[in-house]
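Chains as they are written, first to last, in the numbering used here: chain P, 1 to 1129; chain D, 1130 to 1284.
I should point out that these hints are in silico values taken from the structure, not numbers from a laboratory. Be a bit skeptical, because a hint or two may be false.
No farther apart than 25 Å at their CA atoms in a straight line, the calculated lysine to any residue pairs in the SDA-like style are these [as the list claims (entries may be wrong)]: (1) Lys287(P) x Leu272(P); (2) Lys771(P) x Asn788(P); (3) Lys193(P) x Gln204(P); (4) Lys1256(D) x Gln1026(P); (5) Lys1185(D) x Leu391(P); (6) Lys1215(D) x Lys771(P); (7) Lys1180(D) x Pro447(P); (8) Lys1157(D) x Leu979(P); (9) Lys894(P) x Glu928(P); (10) Lys1185(D) x Lys1215(D); (11) Lys193(P) x Leu391(P); (12) Lys43(P) x Glu88(P); (13) Lys900(P) x Ala1259(D); (14) Lys1180(D) x Thr854(P).
Residues from chain D that keep clear of chain P, each with C-beta distances beyond 12 Å, as calculated [claimed, not checked]: (15) Asn1158; (16) Lys1164; (17) Pro1204; (18) Phe1228; (19) Asp1234; (20) Asp1248; (21) Ala1258.
Being a predicted model, the structure only gives us computed values, none of them experimental. Don't be surprised by glycine CBs; every beta carbon is placed ideally from N, CA and C.
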Amino acid sequence: MFLLYFLSNKCSLDEHKRLLAPPSMVSTEQRQHAEHIFLSFRKSKSPFAVCKHILETSKVDYVLFQAATAIMEAVVREWILLEKSSIESLITFLLTYVLQRPNLQKYVREQILLAVAVIVKRGSLDKSINCKSIFHEVSQLISSGNPTVQTLACSILTALLSEFSSSNKTSNIGLSMEFHGSCKRLFQEDDLKQIFMLTVEVLQEFSRRENLNAQMSCVFQCYLALANQVLSWNFLPPNHILSCREVMHYIAMFEATQNVMLKPTASWRETLLDHRVMDLFFTVHRKIREDSDMAQDSLQCLAQLASMHGPIFPDENAQLTYLAHLMEGLLNMINGIEIEDSEAVGISNIINNLISTFPRSVLTALPNELFASFINCLTLLTCSFGRSAALEEVLDKDDMVYMEAYDKLLESWLTLVQEDEHFPRGCFVQPAVQVFNSYIQCHLAAPDGTRNLTANGVASHEEEEINELQEDDRELFSDQLASIGMLGRIAADHCIPLLTGLLENRVTRLHGQLQRHQQHLMASADPGTVDRKVLDDLYEDIHWLILVSGYLLADDPQGETPLIPSEVMEYSIKHSTEVDINTTLQLLGSPGEKATSIPGCNRTDSVIRLLSAVLRTSEVESRATRASLTELLSPQMGKDIVWFLRRWAKTYLLVDEKLYGQISMPLSTAFGADTEGAQWIVGYLLEKVINNLSVWSSEPDLANDTVELLVTLVEKRERANIVVQCENWWNLAKQFASRSPPLHMLSSTVQRTLMKALVLGGFAHMDSDTKQQYWAEVLHPLQQRFLNLINQENFAQICQEEAVKQEIIATLEALCGIAEATQIDNVASLFSFLMDFLSSCIGLMEVYRNSPETVNLIIEVFVEVAHKQICYLGETKSMKLYEVCLTLLQVYSKNNLGRKRLDVAAEEDQYQDLLLIMELLTNLLSKEFIDFSDTDEVFRGQEQSSGAGRAVSAADVVLYGVNIVLPLMSQDLLKFPSLCNQYYKLITFICEIFPEKIPQLPEELFKSLMCSLELGMTSMSSEISQLCLEALSPLAEQCAKTQEKDTPLFIATRHFLKVKMDDLAEYSELVETLLSNQRDAVIYQRLADAFNSLTASSTPPTMDRKQKVAFLKSLEEFVANVGGLLCVK
Amino acid sequence: MADPDLDFTSGDAGASTTFPMQCSALRKNGFVVLKGRPCKIVEMSTSKTGKHGHAKVHLVGIDIFSNKKYEDICPSTHNMDVPNTKRNDYQLVDISEGFLSLMMDNGDVREDLRVPEGDLGKEIESKFAAGEEMLVTVLSAMGEESAVAVKPMTK
């Protein structure tokens, strides 16, 4: 036996000798052959002697590399058989080998060191091989003073560190997670500290030297990187009890971890709480800060130190001392220098870590002076980074380091001031003023601001092409704006009047500028002579002022009622005694006048005055459109205005006193319920919306923002009640219903949303006559026109005429909008209204059978109705909807079976109808998951309880629909992601909801369904496979229930079970194999016990929910217990 | 209640072959005239020059008869021509020398339409050869016509 191996090894050796020839002289075939030899060589048994021989004789780097790899793999593989002494001598051999050959290729050297590290790690638990001797060796190497040798020492330490870190840098040696975890724990308590101490010594030594030559700098850099690696160590908690989360922790630690916070164990106290360590890193940074690569490492080390938390601190006092020292060091470092570009991000990381890691109680316990100078420094830094970030934008730099640093610091501010009640009152006001001012300054044009100014004060201004995919500033900079808005609230006394003053000034200038243009245009007919530069500067100023004002005055929480920020409320209350309410209302009510021209304007409420400054902007815009100057206006500014008004209205309009502890009189007088102010402003907003929709139909985004403002006004009953009292609202409704210009020029999405708003408004409080009249003006014209049209005798002849088609399309769009307006309290009436249309729509399907665009739109109406309404419908109503959907499907199928089209559109669009039908079916099925109809009885009084057998069920419709869809879904179509997802979602729903219907499907259909499932499991994305498996389990349960063994479903399901999972017999076989592979008796027992308790609780397998939950629970315990053993790397 | 301006009873004699529509109201998968040709819109996007500029619409259309691709960019306030399109179904009665013989609703037979190129044409020819009865959908716009779809006759 031994001889045989020996011979085969000899043979490999010969092959190697042949391969000593340079690779360039070998053919591809030979190379493949050689590769094969290498691979099998690495698998050969006990290759140590051969490898040593190769290492000593070969001069080909690649061969050396392979030999090192072979040693590493063989040691791991044959670990049990190797004697401790032979392993130790192997380590010595490898280390000596590397030491004696300083000129080895880097990758060969690293591979050999990797082999050493792997061997040491493998032996650290059971052969008591440890790093001590290596560390001894390394410290000698370091003290040699020879840079090459010192670098080598660093490489040895780095290799050990990477191997023991059990991270993504760790090699795959086929051992359990638990093994990796235990090694790591052992290492972090002792050896890691050794490495850190060695590193610190080297750094100390270097930081003392006066001049460093290039070679020495390199060594310095290696050790700095090593220090960074130690400080970024992801410490495992010291306990040995495993929880399920722990196992997850193991698995997570093998994935790349970035930004690990430093959380050392208590045993590190002596090392890391020593101030000299921290001082060293400050010193090191000061020394090398001009070298951008090294500076990154040294700053990262400091950032790690700033993130330190956990058991290392014996008490809060220790934390306080540490933080104070860190802060002092940081301030000393920053205050004496002019910050380099490459330092900005690192420094902001230190600050951000520090603020988010240390508890408020520790921050507030700092000596006042220290904290004050820290805040002062943070303020200056934020302002300075903000200015540099603005410069970067002007220069259009690829690498926006200051922007990144600025974002970080603003984030830190937000963390700080969000809990400012812990700090002395008012301590952030002055800093907030400064940061706010500098933000505003950077965003305003000269002379007030510095926007678009390069460092030497030259203005740069370029018009670039912006496409629709580019985000609006209000989203792109939402984080920055949220921080600035928050700081603005902190310093409301300063910031609100500042914004108001600036905005009023810009609006006055804009007004004047537009007037000059108008006169100019009247004098000379040539509009080309208009210089837009001044206008664009004003627009950009106003743009930022409105954005900041919006973020300052209100939040936009998704889903809940936004409240007036407490700071703003307090600010308004504080000044309310000096405020003259009547003048305030006068100021608010006269957006056409200059604010400063109103007598007593300085005795007005500032919060209201800021809003009214935006209204003044809006008024200038509206007047310009009336003067036919729309060409000169900025659609962006138009968007900003309606965006602001919407955000404002959600929070301030009809302010509800019950939600606040105390309320400002000016605010409640101006905007409270039943006030003239509220009525006036609703009227004003409505006028604005109407004006925008007619002037800006060509600007899709602006029209969209505008119509969203309208929805905001009517979606709350209280606001809608006021809206419907406005004559303008009725005019808008009539205008839209008559489809007269200009509303019909809006894009289809805007028209839908407009319809939605009009319908929502119809549910406001009105007396019954008025209500009837409203619906007669809004919905009935739609119905009437539609019926008149389709009931014409010659409809079949004229249906292809453009005017007729336009009318039909507009009606269908409106129906989608009506469905979108569905709410729980209006579904009863909207459903009845829409149902009448749905039947007529089916007639249209027939008429427009050969116009795919129209057919798609008709199906879309059904999709929307099902989507918005089915969850509220009781049994009778649902059945009506099912019936009409069934008819729709029948007509569709009649007209499309066997149809072949020549379609020029992009491929995916051709199948829009299929996609829509699947969507419809999925929506119909969703009732099984989301059903509100029982709980709230929205149809009370209307619904006669009809026990008399369901004529049509959801299952019937859906299966009929599947009948149509399945034959059309070819494998090619499944390549389109949208179709594929929708398709599998649908069939999974069906299997989950009606498993009992599946066996009754016609054979062909059944077969193709099963084929789809198999395809989904075997050759689609993991998401799709998951859906298919979800579909499979109810099918299997169905089999178990019926107990009939020869049904096609049973056969198919069994097939799947074979494909995908092991049945019980195979399971026990698997368990046996696993157990028999375990040599360790303790582990064997643990595994066997774990398997027993896993299966004990779940046999016999019945299918109710309780059992499933029980099984899941024991599976979880099982994973917690042995997961660490079974996961292998 | 119906709008008096709307009159759906008049025929289309002498009607223009196109009508104007503001760019912003065009829709994807709808029709538009690009470079004088009736096109189906397959791509529609907007852009602007400078942050405070006005929207421009970028249109990509495919000629509904020749399948050629056309592009255009114009201010979104502009009106574009939209072709009046019509689709009619005719029964296929014969194919000779590459031309379809189609029976119109009034019983007349027209023989002026070519068998379309590509898969659809092959489909029509092979089905016809197999003796199947079919309805052919003819799309017309701006004075041109072409067969665009085929469907077996339902009895």
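The hints, checked one at a time:
A hinted pair counts as satisfied when its Cα atoms are at most 25 Å apart, and Lys287(P) with Leu272(P) qualifies at roughly 21 Å. In summary, the hint linking Lys771(P) to Asn788(P) is supported, as the alpha carbons are separated by about 24 Å, within the 25 Å threshold. For the hint pairing Lys193(P) with Gln204(P), the CA-to-CA distance comes to about 16 Å; that is within 25 Å, so the pair holds. Taking the CA atoms of Lys1256(D) and Gln1026(P), the gap is about 42 Å. The hint is violated against a cut of 25 Å.
About 30 Å separates the Cα atoms of Lys1185(D) and Leu391(P), which puts this hinted pair outside 25 Å; it is violated. Under the criterion of a C-alpha separation no larger than 25 Å, the hint pairing Lys1215(D) with Lys771(P) is inconsistent with the structure, at around 41 Å. Under the criterion of a C-alpha separation no larger than 25 Å, the hint pairing Lys1180(D) with Pro447(P) is consistent with the structure, at around 21 Å. This hinted pair checks out: Lys1157(D) and Leu979(P) have alpha carbons roughly 19 Å apart, not beyond 25 Å.
About 29 Å separates the Cα atoms of Lys894(P) and Glu928(P), which puts this hinted pair outside 25 Å; it is violated. Our distance criterion of 25 Å between C-alpha atoms is broken by Lys1185(D) and Lys1215(D), whose separation comes to about 29 Å. For the hint linking Lys193(P) to Leu391(P), the alpha-carbon distance of about 44 Å lies beyond 25 Å, and the restraint is violated. Straight-line distance between C-alpha atoms of Lys43(P) and Glu88(P) comes to about 22 Å, which keeps the hinted pair within the 25 Å bound.
Among the hinted pairs, Lys900(P) with Ala1259(D) is consistent with the structure: their alpha-carbon atoms are about 16 Å apart, no more than 25 Å. With a C-alpha separation of about 37 Å, the suggested pairing of Lys1180(D) with Thr854(P) is violated against the 25 Å cut-off. The non-interface label for Asn1158(D) is inconsistent with chain P: the shortest C-beta to C-beta separation is roughly 6 Å, within 12 Å. With a least CB separation of 15 Å from chain P, Lys1164(D) remains clear of the 12 Å interface cut-off, as annotated.
Its beta-carbon lying about 8 Å from the closest one in chain P, Pro1204(D) breaks the requirement of being farther than 12 Å from that chain. Even its closest Cβ contact with chain P, about 17 Å, leaves Phe1228(D) beyond 12 Å, as expected for a residue assigned away from the interface. The beta carbon of Asp1234(D) sits about 9 Å from the closest Cβ of chain P, which is not more than 12 Å, so the claim that it is off the interface is violated. For Asp1248(D), the condition that its CB be more than 12 Å from all CB atoms of chain P is violated, with the nearest at approximately 8 Å.
Against chain P, the non-interface label of Ala1258(D) holds: every CB pair exceeds 12 Å, the least being about 15 Å.
Checked against the numbered hints above, the structure breaks hints 4, 5, 6, 9, 10, 11, 14, 15, 17, 19 and 20 and satisfies the rest.
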